[in-house]
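All chains should be modelled from the sequences, with the hints used to inform the complete structure.
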Amino acid sequence: MAVGGLLINRHGQYLQTVGDLVGVHATESTDSASAAASGGGSAAAPGGAGVSGATRRLAAATEEVARSAVGDRGTVAAVPTTQADAPAEPARAATAAPTATTAAPSTTSTGPALVGDVRPLAAAAQLDAVPASAWRATFTKGADGVLTATWTGPVSGISLEVKVVVPSGYSAADGRGYGVIEALHGYRGTPDSMIGALESPSALQAAIDAHRIPPSIIVIPSLNADDNAHDCANLAGRPAVGTWVAQEIPRMVRASFPNVTGQREGWMALGISAGAYCAGWAALAQPETFGSAAVMSSYDRPAEGGLATSGDAVADAYTLSHLLAASHPVLGTRFYALGAQDDALKSAQTAWSMAEAVHAPDTVTTDTPPTGGHAWSLWSARFPAVLAWWGSDPAVWNAVEGAAPSTSATRTADAALLGTITDTPRSQRNAGPVTPGTWAPVGAPVLGVAAAASALCVAALILVARRRGRVLAAVRAGERRRAGPVLAVSGWAGRVVLVAGCAVVIACALGLAGNAVTGYCTTWAAILASF
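Note that the sequence shown covers residues 1 to 531 in UniProt numbering.
Treat the hints with care, as some may be off.
[Said to hold, decoys possible] Cβ pair distances, simulated, as ranges: (1) G237 with D144: 33 to 41 Å; (2) A206 with V497: 38 to 46 Å; (3) P394 with R426: 38 to 46 Å; (4) V449 with Q263: 51 to 59 Å; (5) A143 with P425: 25 to 33 Å; (6) G332 with V504: 51 to 59 Å; (7) V504 with G145: 34 to 42 Å; (8) Q263 with A444: 47 to 55 Å.
No wet-lab data here; the hints were simulated from the structure. Here a beta-carbon is modelled for each residue, glycine too, at the ideal position from N, C-alpha and C.
Next up, the structure:
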């Protein structure tokens with residue numbers, strides 16, 4: 001969009017057609033109505049109403065896997081990638097999850113219980129049977145320092161781009177340990193959006209230089225297995241995105257970057273929007289891989305992809321707060337949940353529901369600022385605080401460097417940065433999004449002024465065109481002399497300025513209208529930040 005929604009769309013590549021824009025609005029309205037009818041998305045007390053039996057069985061199966069996986073799931077030995085290595089298996093089409101149906105939830109030994117069309121993650125034996133060379137990807141370094149590879153998951157068959165942000169001076173042979181942040185983009189987004197719009201390279205370097213986090217890399221896999229919205233989990237007849245995100249990418253990283261930590265405490269799944277849901281899901285599905293998860297502006301009940309369109313039983317079972325409410329964790333996963341209170345997707349309510357549902361030793365830190373919408377301006381502003389939150393746990397440092405962080409002057413700065421995380425008191429929490437102010441960019445008065453200005457511009461253009469036509473007709477009829485050079489140039493300049501000005505006004509009005517439909521930017525600061 002030209003302003004507001006269109007500019008955010010340009011950064012995040014959420015919507016590519018007018019049909020997409022209308023579809024997002026329709027989907028959100030339908031999901032909200034469905035959630036209200038079924039109770040999905042509401043805060044659920046542990047084991048209380050709103051948590052289905054399918055959810056409890058699914059979470060119990062997940063926890064059983066977590067208890068056994070640490071000893072059962074082997075890790076492929078990390079070997080540096082060289083040109084002399086045996087080539088990986090040739091790329092092939094993405095392998096869809098099995099199409100067998102299940103009448104009721106059933107427990108598997110390789111992931112959550114199966115509900116509806118949801119299929120299990122890959123078995124440990126299946127992953128371990130893959131040749132070591134197939135787990136290694138060959139990356140090329142771009143002018144911006146970001147590493148890029150197109151890699152094929154040897155089990156899922158998904159072949160997509162993966163980008164890796166490394167700190168200054170990184171080398172596989174530098175003798176240092178590194179933590180890993182697996183960052184997941186939204187829909188429609190790309191790995192590039194998690195680099196440019198999130199400003200992740202500079203934020204990562206600043207956090208490392210200030211000793212807020214240990215040396216770390218950011219791994220950004222593409223989630224765009226096809227033109228459909230992200231599934232996160234494996235679904236019958238669809239590319240096995242769950243295996244790609246939660247299993248194959250971590251193994252590829254360990255094999256291709258031999259100095260990353262193998263301890264879960266040194267790994268964080270992070271995502272924005274639809275990718276935020278995927279990050280939370282990945283940490284719940286693979287707690288032995290991810291010790292932390294940053295859920296930035298997520299929906300609670302699946303609102304996109306196959307988990308949202310496979311029926312109420314699946315959507316209910318895979319509601320984040322329901323999974324947390326029904327779980328009995330043993331490893332202890334830290335969750336950071338961000339959601340602006342004026343986000344139309346109710347991401348603040350997601351954060352609060354997660355906090356209500358969590359069981360120790362898992363924890364949820366909520367960050368619910370009053371404003372911020374569903375926009376890159378919020379995510380990029382909060383990203384440094386997310387990094388500080390992650391590094392505030394000594395277990396992260398122990399996993400990467402084998403020792404807790406040393407006390408320094410930077411710890412004071414860390415405390416100030418962590419202080420920006422806003423925990424809304426329970427008495428001030430709302431059941432739905434906070435209504436923006438009267439003159440907010442999504443407010444009716446602003447849209448009315450924009451529409452009126454556009455109408456005036458159209459009227460002005462019509463009047464000028466008609467007057468110009470009458471003048472030209474009079475000149476041709478000999479009733480009026482042709483204007484001199486100076487007057488002619490002045491007339492042309494005035495008309496050009498008028499047309500350009502009206503084009504800007506109409507473009508701004510369309511951008512504001514599109515932004516009002518999506519609800520992405522709820523403040524003028526967010527609009528300006530999109531430029």
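Just pull the numbers of the violated hints for me, sorted ascending.
-> 3, 5
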